[in-house]
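> Could you put the whole structure together from the sequences, leaning on the hints where they help?
These protein sequences, in sequence, are chains A and B. Each residue of the first sequence is one higher than the one before, starting from 0 at the first, in numbering that gives the first Met the number 0. Each residue of the second sequence is one higher than the one before, starting from 0 at the first, in numbering that gives the first Met the number 0.
Bear in mind the hints are in silico, worked out from the structure with no lab data behind them. Any given hint could turn out to be false.
[Stated by the list, open to error] Distance condition first, Cα-Cα at most 35 Å in a straight line; then the derived DSBU-like pairs of lysine-lysine:
1) K78/B to K46/B
2) K61/B to K49/A
3) K49/A to K50/B
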Amino acid sequence: MTYKTGAGRETTMSARTDNPNAQIATKLRALYLSVQEEAVPDRFLDLLEKLDAVERQSMPDVAE
Amino acid sequence: MSGGMTEEKPSFKREMLAALPSLRAFAMSLIGRHDRADDLVQDTIMKAWAKQDHFEMGTNMKAWLFTILRNELYSQMRKRGREVQDSDGYFTESLAQHPAQYGSLDLQDFKRALETLPPDQREAIILVGASGFSYEEAAEICGCALGTIKSRVNRARQRLQDILQVTGENEYGPDATSAPITSRAFVS
Numbered sequence: 000m001t002y003k004t005g006a007g008r009e010t011t012m013s014a015r016t017d018n019p020n021a022q023i024a025t026k027l028r029a030l031y032l033s034v035q036e037e038a039v040p041d042r043f044l045d046l047l048e049k050l051d052a053v054e055r056q057s058m059p060d061v062a063e
Numbered sequence: 000m001s002g003g004m005t006e007e008k009p010s011f012k013r014e015m016l017a018a019l020p021s022l023r024a025f026a027m028s029l030i031g032r033h034d035r036a037d038d039l040v041q042d043t044i045m046k047a048w049a050k051q052d053h054f055e056m057g058t059n060m061k062a063w064l065f066t067i068l069r070n071e072l073y074s075q076m077r078k079r080g081r082e083v084q085d086s087d088g089y090f091t092e093s094l095a096q097h098p099a100q101y102g103s104l105d106l107q108d109f110k111r112a113l114e115t116l117p118p119d120q121r122e123a124i125i126l127v128g129a130s131g132f133s134y135e136e137a138a139e140i141c142g143c144a145l146g147t148i149k150s151r152v153n154r155a156r157q158r159l160q161d162i163l164q165v166t167g168e169n170e171y172g173p174d175a176t177s178a179p180i181t182s183r184a185f186v187s
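Structure representation (structure tokens):
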């Protein structure tokens, strides 16, 4: 993008980079996805199975 | 007491499972360390499970879990004297234990920059910029006004730009406060 100003001053340089917010957004998502794409650790699968099993045996009453 | 209404349970569990990858990523973004982030996720799962009667199937499970995780984090921080996040381990962990995790040095730098944000700004930009929530949903998760979330996200972006200098030196000049004054001089 080149802006023409009356004085012919070149302001091209100030508009040269990509949208900085887009760069930040890309990096933020990349960082986030690096964790999100990991397999869910077994500890959580086991935990959910246990919670489910306990609940099937009795009504849930303990919550810690 | 088995039978009857059990059919809701598997689906609650399944929806929770589906939200876990994103929940972990959120926790990791807030805390910066895998071990502590996963401890927080575990606490969140327990809390959510105990409160599942409060959850309406068909509504946003992810937002619900994020809210619980966030409340849990801040309540733990209050109890432990704000030391849930340790900025030292934040970086050493990723380098030492997960060398391949964040890929380029570029992302390491970004992670470091993210860490310097105030927690309220960090969570705001993560929720909106990475977790895929709308500003409205993020406001609800954080329990604050829509305008507050928007301003936190803006400040976070500005701060990250300053730190990472993604704009180069041109956009804001030598410092952000003098730049608007300088450019105004050219308008007329």
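> Evaluate each hint against the coordinates.
Here is how each hint holds up against the structure:
Restraint check: the Cα-Cα separation between K78/B and K46/B comes to about 17 Å, which is no more than 35 Å; the hinted pair holds. In summary, the hint linking K61/B to K49/A is supported, as the alpha carbons are separated by about 21 Å, within the 35 Å threshold. The suggested pairing of K49/A with K50/B holds, with an alpha-carbon distance near 16 Å, which does not exceed 35 Å.
Of the numbered hints listed earlier, not one is contradicted by the structure.
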